[in-house]
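Construct the complete structure from the given sequences, taking the supplied hints into account.
Take the first sequence: its position 100, counting from 1, is numbered 377 in my numbering, and each next residue is one higher.
For the record, the hints were derived by calculation from the structure and aren't laboratory data.
Cβ atoms here follow ideal geometry from the backbone N, Cα and C, with glycine treated the same way.
Treat the hints with care, since some could be wrong.
Stated by the list, open to error - Here are the simulated lysine-lysine pairs, BS3-like style, with alpha carbons at most 30 Å apart:
#  : residue 1 : residue 2
1  : Lys380    : Lys391
2  : Lys283    : Lys462
3  : Lys679    : Lys651
4  : Lys391    : Lys583
5  : Lys379    : Lys391
6  : Lys608    : Lys694
7  : Lys608    : Lys703
8  : Lys508    : Lys562
9  : Lys283    : Lys384
10 : Lys562    : Lys283
11 : Lys380    : Lys508
12 : Lys694    : Lys508
13 : Lys694    : Lys570
As the list claims (entries may be wrong) - Here are the simulated distance ranges between beta carbons:
#  : residue 1 : residue 2 : range
14 : Pro623    : Glu369    : 42 to 50 Å
15 : Glu565    : Arg629    : 51 to 59 Å
16 : Gln293    : Lys391    : 28 to 36 Å
17 : Ala427    : Lys695    : 45 to 53 Å
18 : Thr445    : Cys563    : 46 to 54 Å
19 : Leu365    : Pro623    : 31 to 39 Å
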Amino acid sequence: MPSLIKNLEERGFIYQISDPDLDTFLETNNTSCYAGFDPSAGSLTIGHLIPIIGLMHMQNSGNRPIAVVGGATGMIGDPSGKDQERSLLSIETLRQNEAAVKKQLSKFLDFDSKTCGALLVNNYDWTGNYKYLDFLRDIGKHFSVNAMIAKESVKIRLESRDQGISYTEFSYQILQAYDFHHLWKTYGCRIQIGGSDQWGNITAGIDLNRRLGGEQLYGITFPLIMTADGKKIGKSEGNAIWLDENLTKPYVLYQYFIQADDRDVVRFLKLYTFLSMKDINDLEKCLEHEPEKREAQKVLAQEVTKLVHGERGLRAAESATRVLFGDEPIKNFDDDTLKAIFAETPSAWLPRNILTSGITLVELCVVSGFCKSKGEARRLITSGGLYCNNVRITEPDFMITKDQLASKSILILRSGKKRYFLIHLKD
RNA sequence: GGGGAGAUACCCAAGUGGCCAAAGGGAGCAGACUGUAAAUCUGUUGGCAACUGCCUUCGGAGGUUCGAAUCCUCCUCUCCCCA
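Printed below as a string of structure tokens:
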């Protein structure tokens, strides 16, 4: 059984470690480990899954995970990785996001373990009512501006002549540093993990704790996860892949991973699943010898979907996939089945009577909003890229009548291989 | 304050009186090949109509001209150099 750090290293989690002794420290100690989550949106994305899974690994090897929702830090805005000042979110939005993020995090961690049950806390609780003057005296005094402006996140903004940085964002690192100190003092938390852009904030916390006479703290950062074609992970056609099933249906999440590039899939298996290294190596061999089976992609998609949406979500995603990639004409379905399968698909609602005398395919594409103009629709159709209920139609003036319905009131358009669109008819 | 350069379609960027709905590249979208991968190749990317037709578009407003993205005037903005 490799050590926790070796294991994380092997799985590609580790970009930087603040102190090489962390490994030996963990051999003989169990501690708590925290990761912070910024409530800047109403849901986390699969990018956030990395620190979440990091916490899970920590818990699996007997350390208490602490997930911190940034109710306080979110009010300030982290300059890390941002090349311009952020606009502040309203307090209501922030509180809503906090609640949503908290709910999501709670799904991944085990709170019932007797020895290392997870904690879910909000840094607003220990920062919100700290008096400004007291904070400056107690905490601010330990920060050297010289060191603060040397941090990468600040330096970039100071060097950029037209962007600059506000005092508010400049102060951010102090708040996050204080979090780390607070969590050490309150829960004995010795480790903070985060994305590589968090390095400066993490080391600020380590320094602060030392100045305040606390124990040695440790930090680990994860690499920025990019796909082989150079995109940041978690974007599908420019849309984020959210963990909230109302924002990103399980099927879409499943598809994102099943379409993973060969060059990425092994790396993702290590990061995003809890499969043993042996299983992953087996899948890698399979990828090498029989890439067309796409066994590795399938397992990856299954594991991640199960982790995020449970068995039920996985089943829904798989049944949708069977219909969508089955190549069979979609015919004689019932409305509810199709609605379930295509729940995430963009849709339009049209009055049923447009089909009574029929409508040309071009026309339908435009009035439903599937295509922006008739020219675009015509191009798509004549180039062979349009499918109606999985059947290719190349004649722009093909008449669509109620005979073309896939179910009682649904018609399915598709452009290319993957872009589906639903037309619902209402009476 | 003085001087110079520039603003073209989603982005970069050619075009400097008609042959310009506007080269080229990127990106996008489709097709072929495939494994729902990658790479490659092909087509396509203002709107309407559809056998060569019409309308809108080259920072904004005017003007010159039979005719302008292209020339002139004013305005707005961006960049550079000198104070």
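Tested hints:
no., hint, in the structure
1, Lys380 to Lys391, "21 Å, holds"
2, Lys283 to Lys462, "28 Å, holds"
3, Lys679 to Lys651, "22 Å, holds"
4, Lys391 to Lys583, "25 Å, holds"
5, Lys379 to Lys391, "21 Å, holds"
6, Lys608 to Lys694, "18 Å, holds"
7, Lys608 to Lys703, "19 Å, holds"
8, Lys508 to Lys562, "26 Å, holds"
9, Lys283 to Lys384, "26 Å, holds"
10, Lys562 to Lys283, "22 Å, holds"
11, Lys380 to Lys508, "28 Å, holds"
12, Lys694 to Lys508, "21 Å, holds"
13, Lys694 to Lys570, "19 Å, holds"
14, Pro623 to Glu369: 42 to 50 Å, "29 Å, violated"
15, Glu565 to Arg629: 51 to 59 Å, "53 Å, holds"
16, Gln293 to Lys391: 28 to 36 Å, "33 Å, holds"
17, Ala427 to Lys695: 45 to 53 Å, "47 Å, holds"
18, Thr445 to Cys563: 46 to 54 Å, "52 Å, holds"
19, Leu365 to Pro623: 31 to 39 Å, "32 Å, holds"
Checked against the numbered hints given earlier, this structure breaks only hint 14.
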